[in-house]
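Colleague: Chains as they are written, first to last, in our numbering: chain P, 31 to 344; chain Y, 198 to 490.
Treat the hints with care, as some may be off.
To be verified - In silico DSS-like cross-links for lysine-lysine, where the CA-CA straight-line distance does not exceed 30 angstroms:
| hint | chain 1 | residue 1 | chain 2 | residue 2 |
| --- | --- | --- | --- | --- |
| 1 | P | 258 | Y | 380 |
| 2 | Y | 432 | P | 336 |
| 3 | Y | 432 | Y | 361 |
What the hints assert, rightly or not - Okay, the calculated bits of chain Y under chain P, using three or more residues with CB under 8 angstroms as the criterion:
| hint | region |
| --- | --- |
| 4 | 405–412 |
| 5 | 431–445 |
To be verified - Computed beta-carbon distance windows for the label pairs:
| hint | chain 1 | residue 1 | chain 2 | residue 2 | range |
| --- | --- | --- | --- | --- | --- |
| 6 | Y | 478 | P | 308 | 46 to 52 angstroms |
| 7 | P | 308 | Y | 453 | 28 to 34 angstroms |
| 8 | Y | 314 | P | 308 | 56 to 62 angstroms |
These are calculated hints, taken from the structure and not from any lab test. Fair warning: this is a prediction, and the values are worked out from it, not measured in the lab. Yeah, the Cβ is synthetic: ideal placement off N, Cα and C, and Gly gets one too.
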Amino acid sequence: MTNEEQALTTTSQLHDFSANVKQGLLRGRKYIQLIDQLVDTDDYETLLDAATQLTVMDVNSEYVQFPHQYQPRDYYLLFMGRLLEMHDNKSLVVQLNQRTGELSASLSPILGQAKFLFDLERSENGGAFFVETITKQKLCYINLERRMLRFNNRALINLFVIELAQNQDVAAETLEQAVYPLIAFTHYLKQDFGFSVDFGILDAANGTDYYLEQDGLQLTVIDRLFVKTAETDYMLVNLVNRVGAKLQLEHNISLELGVAPGSGDSQHWSFRVDDDREAVSLFDLLIRYPLIQTWYLNNREALEVKSDPLIFAN
Amino acid sequence: MTNIVDQDDHKSASSVIDEQISLKITYLQKLQQAVADHDDRQVFALLDNQRYTSAVLHRENQENNISVVNLVDNLSDELSNFLSENLIKYLGKAYPFFYYEEFQHGHFKIYFGNWWDRREFGELDVLNIRFVFDQTEYQKLTDSFELAKENKRYNSGKIEAVSKENDYLQGLIDNQKEREAQKAQLQDQLKEVTSRSGMPWESGKQKEARQDLIDQLSTLEDQDQQARDALKTIKDNESRVLALSKENTILSYEQKSILDTFGSFADFEAANRNLYADYLDTLSNEKQVADRD
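Use the sequences and the hints to build the structure in full.
Modeller: This is the structure we're talking about:
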């Protein structure tokens, strides 16, 4: 090899090197741009764009490594916090653990009682689960690219009804306030970005069917509620147009459990909650009324409300 | 054989027929008009004049004219359907806790209450304006009113007995360990008694002691067997208690409905007896008011 040839090789190697470093730096610049965008923008789409890119971005390259950076999971929390903040809701408190550099979030009404973060879904579907860290309950699944969110009813009940209401004796109003930011966040996703959302048992709209996992409910399960109502001022009445029962509560609130019309022999059962302001959900009733709560938990196998089966398979 | 017809008889026969047909025609015309006017009171009066005169007009018993009352027998389902509309409207106010289902043209089932698993309580006999209560169900209600006087509920005794049995069975399950220990102890004692070759004069006592130990062991083994079956029995008993409690709940709602509307069971029964007269009185009062307007 001549000296000339050698010089040429060195030059091209240096060029390659510089190009690689440049690329790594560009990626880094892009990264900080996206972070600024996530933190500063006042535009919804720009915010979602930054979050979507950051959650799947690997900023490190072979030539340029960044020792200090957030985890992809953290951007979900930051996105959630920012979206709420843009709507003047500050009830999601995002904290940085100084030692580990990890982010976590709390809901201000139950600040010390539960801690949340996102867990990435490792399959090719992507997305992440919003998880309570102490009880490991996956409360909902979010996918920014596919613009969808699904609540997990079983986990909502495990955390809020069993752990917080029953075991920790947290008051009903506190818990209703605690889930409010989750509902608001989901609502904004739908309103601002057109997300497809399933509020699950948090849905307060009147016509909502909360379908049971099991078909063909044993009527003795309803008998058990009926017998319990005898000790209260509430009466469990027969549904007029379909098989099922309705519990009439105060303030014109009612809870129905009946066979969904047109479900034929397979008998799909569903709960419905009706109130004048469309402000009460099945979740609220489970939290507020010991009668309903005890009955639901005692007969949970039969009464468990279904969540999106593609995401929350048992 | 020749036909011999008595001319006079013939004449009188034709006049009888004429008279009878006129009667029938008049009757049918009246009924037709009453139906056209939806004058239900008049329809009822025509269908059972005897009862109407005595119960509503409080006049001497007047026998129903047999020559006309059967004329519309084959229309009874239609008439019942026709008359049910106003009657059920009236009953809706007088007996707000009864609900009706026309399970067959002109035939109505009575349901007591609108609560969960309400009872089918018999049938409404529209043409006779009366309830035909299911006797078994009615008896339960009567009994539960009687028991209420002693502050008791219909199935409370049974529920208590079944619950007690469950407590006992649960106890058997819970005491499994202690029984094992007891059995081991008894078996040791038994071995000892058997191995001890006592003096001849002791053998009677020894036999007795041995038998006693065997009896105790077999009692414990019986309990073991019961404990093995207990889980299923407890489950069965729980469903029995549920069914009994449900019946109690239904009966208490029924009692409350009657008390809220009539004040007492006796007043409810009296109202049932007077239903025919009360309903038709209401109809004629309504008619008078309407005529005056």
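Colleague: Compare the structure with each hint and give your call.
Modeller: Going down the list of hints, with the structure as the test:
no.: 1; hint: 258/P x 380/Y; verdict: 43 angstroms, violated
no.: 2; hint: 432/Y x 336/P; verdict: 28 angstroms, holds
no.: 3; hint: 432/Y x 361/Y; verdict: 14 angstroms, holds
no.: 4; hint: 405–412; verdict: violated (count 0)
no.: 5; hint: 431–445; verdict: holds (count 6)
no.: 6; hint: 478/Y x 308/P: 46 to 52 angstroms; verdict: 48 angstroms, holds
no.: 7; hint: 308/P x 453/Y: 28 to 34 angstroms; verdict: 33 angstroms, holds
no.: 8; hint: 314/Y x 308/P: 56 to 62 angstroms; verdict: 30 angstroms, violated
Taken one by one, the earlier hints fail for this structure at numbers 1, 4 and 8, listed in ascending order.
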